Amino acid sequence: MTGPSLQRTVIVANPMGFHLRPMAAFARRAAQFQSTVTLTKEGRRVNGKHMLELMTLAAEQGTPLILDVNGSDATEALEALSEILAAPTMDDDP
Amino acid sequence: MRMTDFVVREAIIPELTATTKDGVIREMIEGLRAAGYFKGGEPEDIVKAILKREQLGSTGIGRGVAIPHTKHNSVDRLIGTVAVSKVGVAFDSVDGEPVHVLVLLVSPQDRPGDHLRALENVARSMRDDGFVRSLRQATTREQIWALLDEAPLQW
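Protein chains in written order, with the working numbering: chain H, 1 to 94; chain B, 1001 to 1155.
In isolation and in its complexed conformation, chain H is listed as follows (with noise of 0.2 Å):
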């Protein structure tokens, strides 16, 4: 695989935490890159592109996700992943 290693951390914002609705949206922008995508959480490394792996990580507001995107479009996949993680609302739950 050719491209850039980038990495970011983010801090969670969204006050009900990292939850399932912005799971899926970061799973499935994911996957539209060609490049790997990982969330690291106090040293535990997950597959951004599972949702299941996504889950194990019970991250709440406030808590810093360390993005690593590497491949041909790291740059587009770190900013728009970045988003997805630091957005405060997604809190129309009912």
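These are calculated hints, taken from the structure and not from any lab test. Treat the hints with caution; some may be incorrect.
Said to hold, decoys possible - Chain H regions said to be covered by chain B (calculated; three or more residues, Cβ under 8 Å): (1) 9-17; (2) 45-53; (3) 58-72.
On a predicted model such as this, the values are computed, not experimentally measured, just so you know. From the three backbone atoms N, C-alpha and C, an ideal C-beta is built for every residue, glycine too.
Starting from the known structure of chain H, arrange chain B on it as the hints suggest.
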């Protein structure tokens, strides 16, 4: 947290009779009601809230598993139930596959952390294909409870 910490044993349904998304959610909430939860019009209110949440995006996470959920004032701690559909339910899941295992969660309004830990717990168990297969093959409430109780805390 383990699944047995929040799953209401008496509400577990080893073989759902409903075959639609609305129907299985209703049947699971009825299971919790029969186990002593909710009063008055709360069950219907909760069913509607869960279906409204589903409209925002399916909670079918793939591998035949769905986690319908909502927040509701009628509970003072996170509760849940597990149900199995032998025939499968169309759920608009991320992988398009029908759902066979459902974990339904009702949380208090102000405890997002518990909800996230419940999701973590469900995911940890459901990553194991053998666990999902065993749940689908279970025929009694006791068998399902035993599987949930035996699920490893670590991976």
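Against the structure, the hints:
no.: 1; hint: 9-17; in the structure: holds (count 3)
no.: 2; hint: 45-53; in the structure: holds (count 3)
no.: 3; hint: 58-72; in the structure: holds (count 4)
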